[in-house]
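Student: Sequences listed follow chains A and B, in order.
Using this note's numbering, you'd call the opening residue of the first sequence number 60 and step up by one each time.
Using this note's numbering, you'd call the opening residue of the second sequence number 17 and step up by one each time.
These aren't lab readings, by the way, just hints derived from the structure by calculation.
Please note that the accuracy of each hint is not assured.
Far from chain B, some chain A residues (derived; all Cβ distances over 10 Å) [said to hold, decoys possible]:
1) Pro67
2) Met70
3) Phe71
4) Glu74
5) Glu76
6) Asp77
7) Gly99
8) Glu100
9) Ser116
10) Arg119
11) Ala137
12) Ser138
13) Asn162
14) Leu171
15) Ser172
Derived contacts from chain B toward chain A, CB cut-off under 7 Å, selection only [unchecked claim]:
16) Phe107
17) Gly124
18) Asp125
19) Gly126
Beta carbons are placed, not taken as given, at the ideal position from N, Cα and C, and that holds for glycine.
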Amino acid sequence: GQQLNQSPQSMFIQEGEDVSMNCTSSSIFNTWLWYKQDPGEGPVLLIALYKAGELTSNGRLTAQFGITRKDSFLNISASIPSDVGIYFCAGHRFPLRGGSQGNLIFGKGTKLSVKP
Amino acid sequence: DAGVIQSPRHEVTEMGQEVTLRCKPISGHNSLFWYRQTMMRGLELLIYFNNNVPIDDSGMPEDRFSAKMPNASFSTLKIQPSEPRDSAVYFCASSFRTGAGNQPQHFGDGTRLSIL
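Here chain A stands alone, though its shape is the one from the complex (with noise of 0.2 Å):
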């Protein structure tokens, strides 16, 4: 089935420091989200991006849809200690005609450590 390669797996940085990780695929996406999670929670969305080329903030982080519409990149500015957990792309593919319209794929995600 379809993936989502996202990459690092894990980063391990100071606190103050930037951060960039990426998520790409061989398939085409129509809508691409970033969520966060946090140790025993679920999933939080930080950033939902629905247009090839949009670049969207929230606060320190940004988020971008490529442009062939098969990869996103999310970066967090001057990184603190509660940036700490899981970061996962995820992508909606584009309606299937007579097919399942709702998948969400996941990437494996992105660890990110922050030392204070």
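Place chain B on chain A using the hints.
Tutor: Below, chain B alone, put in the same frame as chain A:
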């Protein structure tokens, strides 16, 4: 606003027992999703419903798994009989789907299931 509510938060039971996980989606949402999360496989979609109707259950691993959505505010995921390899965190998510496409999914905090 109440988010997606799942119960129980934790379940420990012996193999062979029946397990029932419950989910209350966000009010007004018309799509509901069941996911399973493990270290090895990440987040996997098991089944999803639109307007209480199961649309795609291709992710349900075996006949031991079944899901129902008797009304717009309640869904269950049942495993009978349970096996140790079913141990995972099970998430429920909901979203609002229109003819224009899918709105982002919002997740509950999950049920951590351990089968001994």
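Student: Decide, hint by hint, whether the structure agrees.
Tutor: Now for the hints, and whether the structure bears them out:
1. Pro67: holds (15 Å)
2. Met70: Correct as stated: the minimum Cβ-Cβ distance to chain B is 17 Å, above 10 Å.
3. Phe71: Consistent with the label, A:Phe71 stays out of reach of chain B, its closest Cβ about 19 Å off (over 10 Å).
4. Glu74: holds (27 Å)
5. Glu76: holds (26 Å)
6. Asp77: Holds, since 25 Å exceeds 10 Å.
7. Gly99: Check fails; 7 Å does not lie beyond 10 Å.
8. Glu100: violated (5 Å)
9. Ser116: holds (16 Å)
10. Arg119: holds (20 Å)
11. Ala137: Given that every Cβ of chain B is farther than 10 Å from that of A:Ala137, nearest at about 26 Å, it holds.
12. Ser138: A:Ser138 is indeed farther than 10 Å from all Cβ atoms of chain B, at 23 Å.
13. Asn162: Answer for A:Asn162: violated, closest chain B Cβ roughly 6 Å.
14. Leu171: Answer for A:Leu171: holds, closest chain B Cβ roughly 16 Å.
15. Ser172: holds (17 Å)
16. Phe107: Holds, because the Cβ-Cβ distance from B:Phe107 to chain A comes to roughly 5 Å (cut-off 7 Å).
17. Gly124: holds (5 Å)
18. Asp125: At about 5 Å, which falls below the 7 Å cut-off, the nearest Cβ of chain A leaves the hint on B:Asp125 intact, so it holds.
19. Gly126: Cβ of B:Gly126 sits 5 Å from chain A, so the hint holds.
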